[in-house]
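Position one of the sequence shown corresponds to residue 1 (my numbering), numbered consecutively onward.
Keep in mind the hints are simulated off the structure, nothing from the lab.
None of the values given here were measured: they were computed from a predicted structure.
Yeah, the Cβ is synthetic: ideal placement off N, Cα and C, and Gly gets one too.
Careful, some of the hints might be misleading.
[Unchecked claim] Here are the simulated DSS-like cross-link-like pairs (lysine-lysine), alpha carbons at most 27 Å apart as the crow flies:
no., residue 1, residue 2
1, K151, K171
2, K51, K171
3, K77, K129
4, K139, K191
5, K131, K77
6, K171, K91
7, K91, K4
8, K77, K91
9, K171, K77
10, K151, K71
11, K6, K51
12, K71, K6
13, K131, K91
14, K77, K139
15, K191, K71
[Unchecked claim] Listed next, with one range per pair, are the computed distances between beta-carbon atoms:
no., residue 1, residue 2, range
16, F201, Q97, 27 to 35 Å
17, D179, L16, 34 to 42 Å
18, N67, S186, 40 to 48 Å
19, K151, F203, 21 to 29 Å
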Amino acid sequence: MSRKIKRPSLPESLPLINFMEVFDPEEPYIEQAEIADCVITLSDTRLIEFKGVRFRNVQFDQLTINNAYFKDVEFIKCECINAELTETSLKQVSFNQCRLNGMLFTDSFLEDVSFTDCIMHLSSVGFSKVKSVLFDQCKLNEMDFLECSLKQTRFESCDLNQATFSHTSLKNIDLSSSDFDALAVSINDIKGAIVNESQAFGFLEMLHLKIKD
Numbered sequence: 001m002s003r004k005i006k007r008p009s010l011p012e013s014l015p016l017i018n019f020m021e022v023f024d025p026e027e028p029y030i031e032q033a034e035i036a037d038c039v040i041t042l043s044d045t046r047l048i049e050f051k052g053v054r055f056r057n058v059q060f061d062q063l064t065i066n067n068a069y070f071k072d073v074e075f076i077k078c079e080c081i082n083a084e085l086t087e088t089s090l091k092q093v094s095f096n097q098c099r100l101n102g103m104l105f106t107d108s109f110l111e112d113v114s115f116t117d118c119i120m121h122l123s124s125v126g127f128s129k130v131k132s133v134l135f136d137q138c139k140l141n142e143m144d145f146l147e148c149s150l151k152q153t154r155f156e157s158c159d160l161n162q163a164t165f166s167h168t169s170l171k172n173i174d175l176s177s178s179d180f181d182a183l184a185v186s187i188n189d190i191k192g193a194i195v196n197e198s199q200a201f202g203f204l205e206m207l208h209l210k211i212k213d
């Protein structure tokens with residue numbers, strides 16, 4: 001049974017800062033702050049840390065970061081289209097009503113992360129470790145879960161159509177409340193997944209079984 005996901009530990013009110021005025025590339029560390037209603041460009045940035053930060057209505061432009069660390073961070077109505085996060089750690093992070101189309105979490109570690117009402121078409125968590133992560137009412141069309149480790153991960157009322165789970169075990173992963181016409185997944189990887197009756201009939205076709213009345 002999946003344990004309860006830990007939410008970001010943040011106060012209701014945080015000091016509002018101007019990111020571009022306070023951010024120092026030589027010491028890329030932001031703590032206990034709210035950043036709102038702006039455009040942030042972070043291209044080819046390494047070793048950046050955010051702790052206790054709330055991003056509200058922020059558009060991230062050309063976001064490519066490596067070896068970053070996010071702890072107790074909240075994204076509300078933000079846009080991170082085609083962003084790239086490589087070898088990045090996210091712990092107790094939430095994304096709420098965000099546009100994350102084409103966002104790549106590659107070779108990363110996600111723990112206690114929630115995505116709620118987010119659009120994530122063509123996004124990827126390829127080659128990442130995903131533990132205690134919730135996808136709730138998200139559009140995950142053609143999302144890539146290539147060679148992931150999914151532990152205590154939940155999909156609740158998501159659109160998973162044409163998502164890819166190549167070399168990713170879905171054992172004990174509950175897909176029953178989500179919708180999809182097709183998934184890219186092997187017989188071995190779908191073993192042990194939790195599905196509803198109509199989904200089960202679809203997977204029977206993968207086995208080329210004929211059901212006789």
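Structure-based check of all given hints:
1. At most 27 Å may separate the alpha-carbon atoms for a hinted pair to count; K151 and K171 meet this at roughly 9 Å.
2. At most 27 Å may separate the alpha-carbon atoms for a hinted pair to count; K51 and K171 exceed this at roughly 33 Å.
3. Taking the CA atoms of K77 and K129, the gap is near 25 Å; set against the 27 Å cutoff, the hint holds.
4. With a CA separation close to 24 Å, the supplied pair K139 and K191 stays within the 27 Å bound.
5. Distance check on the hinted pair: K131 and K77 sit about 24 Å apart at the alpha-carbon level, within 27 Å; holds.
6. With a C-alpha separation of about 23 Å, the suggested pairing of K171 with K91 holds against the 27 Å cut-off.
7. Restraint check for K91 and K4: satisfied, since their Cα atoms lie roughly 14 Å apart, inside the 27 Å limit.
8. Between the alpha carbons of K77 and K91 the distance comes to roughly 19 Å, so the proposed pair stays at or under 27 Å and holds.
9. Between K171 and K77, the direct Cα distance comes to roughly 32 Å. Violation of the 27 Å bound is thereby established for this hinted pair.
10. The hinted pair formed by K151 and K71 meets the criterion: a straight-line CA distance of about 19 Å does not exceed 27 Å.
11. Our distance criterion of 27 Å between C-alpha atoms is met by K6 and K51, whose separation comes to about 15 Å.
12. In summary, the hint linking K71 to K6 is supported, as the alpha carbons are separated by about 11 Å, within the 27 Å threshold.
13. For a cut-off of 27 Å, the pair hint linking K131 to K91 stands: about 10 Å separates their Cα positions.
14. Pair hint K77 plus K139 holds up; C-alpha atoms about 15 Å apart against a cutoff of 27 Å.
15. Note on K191 and K71: the hinted pairing is violated, with a Cα-Cα distance of about 33 Å set against a maximum of 27 Å.
16. Between F201 and Q97, the C-beta spacing of about 34 Å keeps the proposed range 27 to 35 Å intact.
17. About 39 Å separates the C-beta atoms of D179 and L16, a value consistent with the hinted range of 34 to 42 Å.
18. A C-beta distance of roughly 32 Å is found between N67 and S186, which places it outside the suggested range of 40 to 48 Å.
19. In this structure, K151 and F203 meet the distance hint of 21 to 29 Å, their C-beta atoms being roughly 22 Å apart.
In summary, the numbered hints that this structure violates are 2, 9, 15 and 18.
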